[in-house]
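Q: Those protein sequences? They're chains C and X, same order as listed. Quick note: the first sequence uses numbering that gives the first Met the number 0, first residue 0, plus one each step. Quick note: the second sequence uses numbering that gives the first Met the number 0, first residue 0, plus one each step.
Keep in mind that a hint or two might mislead.
Distance windows between CB atoms, simulated [claimed, not checked]:
#: 1; chain 1: C; residue 1: E137; chain 2: X; residue 2: P140; range: 27 to 35 Å
#: 2; chain 1: C; residue 1: R250; chain 2: X; residue 2: R54; range: 22 to 30 Å
#: 3; chain 1: C; residue 1: R170; chain 2: X; residue 2: L32; range: 24 to 32 Å
#: 4; chain 1: C; residue 1: E390; chain 2: X; residue 2: A121; range: 20 to 28 Å
#: 5; chain 1: C; residue 1: A363; chain 2: X; residue 2: L32; range: 51 to 59 Å
#: 6; chain 1: X; residue 1: R54; chain 2: C; residue 2: P115; range: 45 to 53 Å
#: 7; chain 1: X; residue 1: L45; chain 2: C; residue 2: Q53; range: 30 to 38 Å
Hints in this document: simulated from the structure, not taken from any laboratory. Here the structure is a predicted model, which is why all the values come from computation and not from measurement. Virtual Cβ for every residue (Gly too), placed ideally from N, Cα, C.
This is what each chain is made of:
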Amino acid sequence: MRAALRRAATAAVLALLLTGCSGGDGDGRDADGTIRLRFQSLAWQKESVDANKQLVKEWNAAHPEVRVEYVQGSWDSVHDQLLTSFEGGEAPDIIHDASDDLADFAYGGYLADLRPYLPARLRADIPERSWRTTTFGEGVHGVPFLQEPRVLIANTKLLKASGARIPTPERPWSWKEFRQVTKKLSGQGRYGVAWPLKEPVSVTLNLGLSGGGQLFHRDGDGKAVLRFEPGDGVVSGTIHDQVNTDRSAARSALGMGGSDALPGFFGGKYAMLPLGFSYRQQIIQQAPEGFDWTVLPMPTGAGGAVQGVSPQTLSVAEESPHKKEAVAFIDFLLRPANMVRLARGDWMLPTGTEALADPSLRSAEHGWAVGTALAEGLRSAPAQSVRGYPEWKDKVATPAYQEFYSGAIDADELRERLVEDGNRVLARYQR
Amino acid sequence: MKRGPMNRGATGRESTGLRTGRAARAGQYVALLAYLVFLAFPFVWLISTAFKPARELGSLHPTWIPEHPTLDNFRQAFDEQPLLQAAANSLIAAVSAALIAVVIATPMAYVMARHRGRLASAATGWVVVSQAFPFVLVIIPLFLVLKNLHLINTLAGLVLVYVVWSLPFALWMLAGYVRAVPAELEEAAAVDGAGRVRTLVSVVAPLLAPGLVATALFAFITAWNEFFFALVLLKTPKEQTLPVVLTHFLGAEGVADLGPLAAAAFLATLPSLVLFAFIQRRITGGMAAGAVKH
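Taking the hints into account, I'd like the entire structure generated from these sequences.
A: Put into structure tokens, the structure is as follows:
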């Protein structure tokens, strides 16, 4: 009996191990000549995953000679996962990512330059300002396809009760006016705004464009250099003053992510939240019954109604033996009707001009119309192609902005740290 | 008899000692309770979140017990991600890694514990040093080695990595258990005519059982929870393990599908909890038995 049990256990272990074994990868082509491509998608919301999977199914039905396999990736770990895949020569053929994550991969030679393969339709459909987000050096290393502006999500009841003018994309608030409105909305334990600034650098830099800020400049020989000009202090100064002078912005929200601030918004503690456009889905899911909210454009300044964005992108691995077919799949995925499906699935804006004109993305419901009206002003996020930016962001800018917003340092020290410490970091990357 | 000052003093010391003892004991209980709360808080919160509808997750005044408990998060989690497939993969990887690690580590630990010499010292030193290597340092070379062996994107490759990764600590742990088995027992068995193998199988192995179980449990839980190697080595959904699939509930900038994530994470912790619940008495009993010399 005992021997039988032992034999059964051994067999079970062997079976477990053997079921784990599978064949290795080939050169991406089957014996019958069928090309196999791996598409790693970072879609994570149900509608978005469904849309992506459905589109892959439609492609495979129409193209039996080029089969695409859907592989689920994760935003949380995509950089490390891609890095090791590239180094080990096992990267997916088609790669979903965001433009601010591409610089190292593009400069490192891991992502194909798509210019020889991009069809004229796709090239023309996406505006040049969006292509700039994926252009590194001379090459285009990704197709930007979804993007989201930052918007103000406001408690309609509180906003109307305050008597403040309701801003529109045509007539947004100025930063000064915004500060006055948040002051008016504050009091009795309520704050006019909560800035969830877990990632203070990208928010400040992207919105900073509207204040006329740029921070990163190119000097005569094309090297990136940091300069803090008056426009660079508009957005950061407004946030600082709202928190520390007016007390119209919640100090406790500074370390939060967008989702963390939602309960306070629903509970009436914050009247407005500056959030990415896609947060609307969470708001719809979580808002209490009868809670009335609205989408407003962010304030603007001397720079106009512009914002920096890092669109979601589709790239092709340099090592893929079937780049032409991979780009053909991307072209299929990003046909205007398909781009609309992907945009709706992710609650974001498509970059394609034709998709953006789709009536379903122009409806007033859930603030879609406000978002599409802002699309014209979306630019490449400052510095995303500057080498050394990630280090500057993590080691210099993030702590400096955090300390500034919490009132621990003043504007002069912020300027000094961002620029002087920052230029030392950049210099190391640009020798 | 009248009580003298000395007696009074002694009684005073006793009662002070008693009071101090009680106070100390109370302090210990408070510390223990605080520690238990600290340990239990995340898990209780996880369970609470898993059963809350989306609207309650957005409440400014969250409650410990869901006001309108729902299974929707579980339904959604199973609907959106291949959790059963991932759990099966995790189970295959973790059980295989645990069994193989124990099978390899047992004879090695015996040699390390019983035969003291330069080789054993060097091996012990190497085991300690190997624990200092961070994942990121070895991941790319490891990836290339496994690629050459055609073991990328296979659970067999992942099991191999887990065995290698958990082996040093398993060895260390088991060697301690072997040392706790009195060598006299082996000598007695030898006197009775038992050969080396018979001694190991019939005398040492039964006494090592709690140690083997504890080591296997350690290797199992290490493999069950492991994320980074699985992320890098497994490419296709049908091979991915539970920790990797859990990240699919996370979006960009830390946004999470909180309800389904909590539901899936709760299910992912169950096997470890169940294993501990069944085995813990055996482990602690065995450890105590090994610790006392008669």
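Q: Output the indices of the hints that this structure fails to meet, ascending.
A: Of the numbered hints given earlier, those the structure breaks are 3 and 4, listed in rising order.
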